[in-house]
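Using the hints provided, position chain Y relative to the given structure of chain A.
Okay, here's what each chain looks like letter by letter:
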Amino acid sequence: MPLLTLIIFLPMIAGAILALTMPTKKMKHAALGVMIVDLLLVLYAAMTFDWSGTFVTEARVFAETIATTFQHREHLPWLPEFGISYTVGADNLSMIFVILTAVLGIIGVLCSWTSIVHREKEFYFFLLALQTGIMGTFLAIDIFLFYMFWELMLIPLYFMIGNWGSKNRIYATMKFVIYTMAGSVVMLVAMIWMYYNNGAYNPQLGVIEYVRSYSYEIMLQTQSGDHGTFQASYFPFLALFIAFAIKVPLFPLHTWLPDAHTEAPTAGSVILAGILLKTGGYAIIRYCIPLFPDASISFAPLITWLSVIAIIYGAMAAIVQTDIKRLVAYSSVSHMGFVTLGIFSFNPAAMSGAILQMINHGISTSGLFLAVGMIYERRHTREFKEFGGLATNLPIFAALTMVMVLSSVGLPGLNGFLGEFNILLGSMQNYPILMQAQDDASWAAAMGMTQYTWLVALGATLGVIFGAVYLLIMYQRVFFGKLDNEKNKGLTDLVPREWGQLAFLAVAALAIGLFPKPIFDAMAPATRTALEPVARVLQMEVKDKGYELAVPGVVIENEEELLALGE
Amino acid sequence: MNPAILAIVVIFTPLVAFATAMLFCMKAHRIAQGLILGGGAVSVVGAFLLLLGGPSETQSIVWLSSGSLELSFGFMFDGLSLSFGAVVALITFLVQVYSIGYMHHDPAKTRYFALLGLFGWAMLGFVYAVDLLQALIFWELVGLASFFLIGFWYEKPSASAAARKAFLLTRIGDTGLLIGILLIINISGMAHIPALLDAETGLTTMVSEGTLTLLVLLIFMGIMGKSAQFPLHTWLPDAMEGPTPVSALLHSATMVAAGVFLFARLHPLFMASETAILVVLCIAIFTALMSATIAMVETDLKKVLAYSSIGQLAFMLAALAAGGLLAGILHLILHAVFKALLFLCAGSYIHHFETNDMREIGRRGGRRMRWTTAGLVIGGASLAGLPPLAGFFSKEEVLASLSHGGYHLIWFLALFAAFLTAYYTFRMVFFIILPDRPLEADATVHDSSPVILGPIIFLTIATVLGGLILGPLAAILLLDVPHHSLLSMLPAILCALAGVFVAWWDFGRSRATRRGFVGAVPVLHRLFSRKWYVDDVYQAVFARFIQLMATVLHRVEVDLLDGGADRLADVTRWTGGWTARLQSGWVQAYIASGVVVVALAGYFLGSR
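Protein chains in written order, with my numbering: chain A, -4 to 562; chain Y, -7 to 600.
The shape of chain A in the complex, shown without the other chains:
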């Protein structure tokens, strides 16, 4: 059974058929049904998935047979003369995000239940098509196919914000599309470059052997040795990274996000914050780091600093917002700064922290956007000053929002803390490439750190405090105090459909916070795969400095062989 293909295309195709055949009133039920079927398929795929990280199989790409770690793999030569194939497959990294996507897809339908009243059919069709784009982005392992799905994500969201958004929606949607398209164009150029330059130097023959293909698996294979042609290629790395960094979004490329989030309908914000931003982080871990380890190491200091700036900057900007939704949007900038910080710390703890942070952000920020949406639906405003004392007549709502706020603040015991904790821990651990610039006898070296990592960790920790400031102020202004605004007195508490969504996210937040071991075990193979190329590069540089391991915790196989090559 072509399981992954079904998971990817079911939402869009079913959506198209339903939009043509269903009566308007029934469309949302049908959409919900499709999302649930999709989730069941994903769960089936997850259950038949080998999470141990030891899975390897022989697979064919066009005429070649290669070893691959991707599971549930499907391969169709699509345009073989151009090296383009339809190849989908899942590993631990993509599987985690696919599950998140399927779950948030259902929430996306539920939160639109009563808030979308006009042109329902189109709305739910776009929501389902968006789901297809996202699933495809996570599951494609041919970079051309990846590009197609990456662009496919954009179109439904363009219509969703443009049609069903609030008053400044046209500006927001244009900004969002132009920003993302600009990134996509450079990404496409980089991908064509990768197609033409994919190969490895053959020492026996003394020539570079090129493989003309867009297959990610083939690229991994040709670039995995020490003769890959992508070494020292800064341009394609940067082009890819900028495209992904716009999606993350990394400071200073973030300015589309507050507008897009604020103007989007609730479902748009939830999917945008919950999943779309993650495609950026996912793509960095998937493509930038393993294919361009040299460039990644070279740019790591810059990206790390930008991440730290994003963390503090996002928090500071959030403090001065007066619109609840904008505040949550800026908190996204701050939280996603942790993700890039974790990824570019090149350390298993930080990398798993970054993946977890993305999941956490998917839970807590989606929850906050849901909450904002529920308020907005009742009062049609999102200004702080209109609210106060809502805890009095909406106690369930207040309690569930509290859990989301605390998860976002990073309270220990809930999920948010573990992601930030691991990222901070990992970013402190010294990576020797940065030591080169430092004097090893410095006071920071005694801490097992460089002065650089020390500053980074300190800056990031400040972000943790600020996070508590703005979210608590927001919460207290809205829920605490006297219920003195006449317009708020008649508000009714959540109905089961509404609190069900929030309660589900709250339970997920608690579960990850209290029992993190399974999820860390599931992430471990993904972090290993992503970091091994970087570890190989670093290992050669640090061996003579007397360090045991370049990247703590990542053991490189065939190390003697590697060192022999290096000399």
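Hints in this document: simulated from the structure, not taken from any laboratory.
Some clues are possibly wrong.
What the hints assert, rightly or not - Now the in silico label distances, taken between C-beta atoms and shown as ranges:
1) Y:Ala20 to A:Tyr81: 27 to 35 Å
2) Y:Ala504 to A:Pro390: 45 to 53 Å
3) A:His24 to Y:Ala11: 27 to 35 Å
4) A:Thr52 to Y:Asn(-6): 45 to 53 Å
Quick reminder that beta carbons are idealized off the backbone N, C-alpha and C, glycines included.
Relative to the frame of chain A, chain Y by itself:
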């Protein structure tokens, strides 16, 4: 029984009670109340069974492994956690009983009791924690419970502001704690407390003294936040906005003591750094003096007690830093008992008179509430350090440990702080029992109900007999009982008596001015009544600084980054508009430009 199972029962019963009450009993107040009290009772029985079982091996399981790091979840059963765990469970239960009476008329009773359950879980989880990260998690959860309970009456803006202030100030300290823990894990690769404390293979053998100083001072930041030491102390007086039983439980007896507990828990690490010891001593003694001077001019009954808590916590920290482990822990436990007593008495008055002003309580006949007044006097005498009450023994140990450690200046200052403590405590007592005008024959003044008086009487007896625990406590902590001659105790006793006498001279005797001796120096009086201007400085510097910085950054966002992107878009639009003009439909122009292009092309090609 296996102590780990017992510990799970002790810690998690309150959580189960909390969750059940929160989820199913929002309307059924009585059931919720019963659940929480039942959970509290189970915890008390379990904690005392653990205590009777004596110290045993720690037990833990792997909770999280990432990279090469393993973090564990488990319980420590040494004298420190067993003794303090029993005290925490007991006082939590007593306060829950007391709250039945105190919160009788509150419509949100269920939420209140449920939060007490949440607090019990978090606090007990912290006390028995075996891993630094586990301790941190429960430490933060304790802070969360405190946040909710301070802001329990969230309709009051002052209450919700106080809750936020408490959360943020403790969190500033916790950032230091978090960095410290991260660094410890980074250096040693572990967070298991017994392994870190090990004299042969622990943290002290891995790092130089300078590094260790930095590590323990970072941890001390967390302690300063939680145990309200200068300069992070300002949240505690504000926290008195919460219901009085909460003040008794969290903000004097147990939660704020968590910082001191952590200090005692990591005592060997602090002892390995001379600099850290000096820093802690200086901060502690300054906090003790400062809080005592503020309490001298405060008229809000609860705030006087709050400042006295800050001072007594400083005493504990000073004793621990001077090496007096037994002294610090003894004062920790006994202070929990008599300070809870004082707060419960204060609550009894406040419940009846509905005011926090102790002068007014005295004028309206506070002393007619006989049992409460007896508790207040005995608790106050204990706080002042009068023999033979509990506070006398522990304060005596604290002072002795300071002089044994050779810190004579600190010892002298501590004696002075003890004198001030006795002074302001009896100022409070005299305001209530000897009001400045004769009482009217008001028949409505009567003592509180038995559920309120029960815990008060229990704690009064415990305060009287508290000194007896010295021997058993030393035994369970595996420490020696020090013997002091009467002569060495004399300074402390004299200071306490002098404090009481001066208080009587200023406030008690019939011709007293009731202004206090600081009233004679207006500068000092203003300094003390403005609380040493700490809050004003915070307001002026930090709050404004953050607001300014945020505004500046916001301008960067709107004008520079976002504006820049919009200008870029404008350029594109403008270029587009300009090029569009080329498509003018004017045929002559097309032909002319065609001719020019062909001519230029011909010229360049021909010149090749």
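Hints, one by one, checked against the model:
1. The hinted range of 27 to 35 Å is not satisfied by Ala20 of chain Y and Tyr81 of chain A, whose Cβ atoms lie roughly 60 Å apart.
2. The hinted window of 45 to 53 Å between Ala504 of chain Y and Pro390 of chain A holds, with their beta carbons roughly 51 Å apart.
3. The supplied range of 27 to 35 Å is met by His24 of chain A and Ala11 of chain Y, whose beta-carbon atoms lie about 34 Å from each other.
4. Distance hint check for Thr52 of chain A and Asn(-6) of chain Y: the Cβ-Cβ separation is about 46 Å, which falls inside the suggested range of 45 to 53 Å.
In summary, the structure is inconsistent with hint 1 from the numbered list given earlier, while agreeing with all the others.
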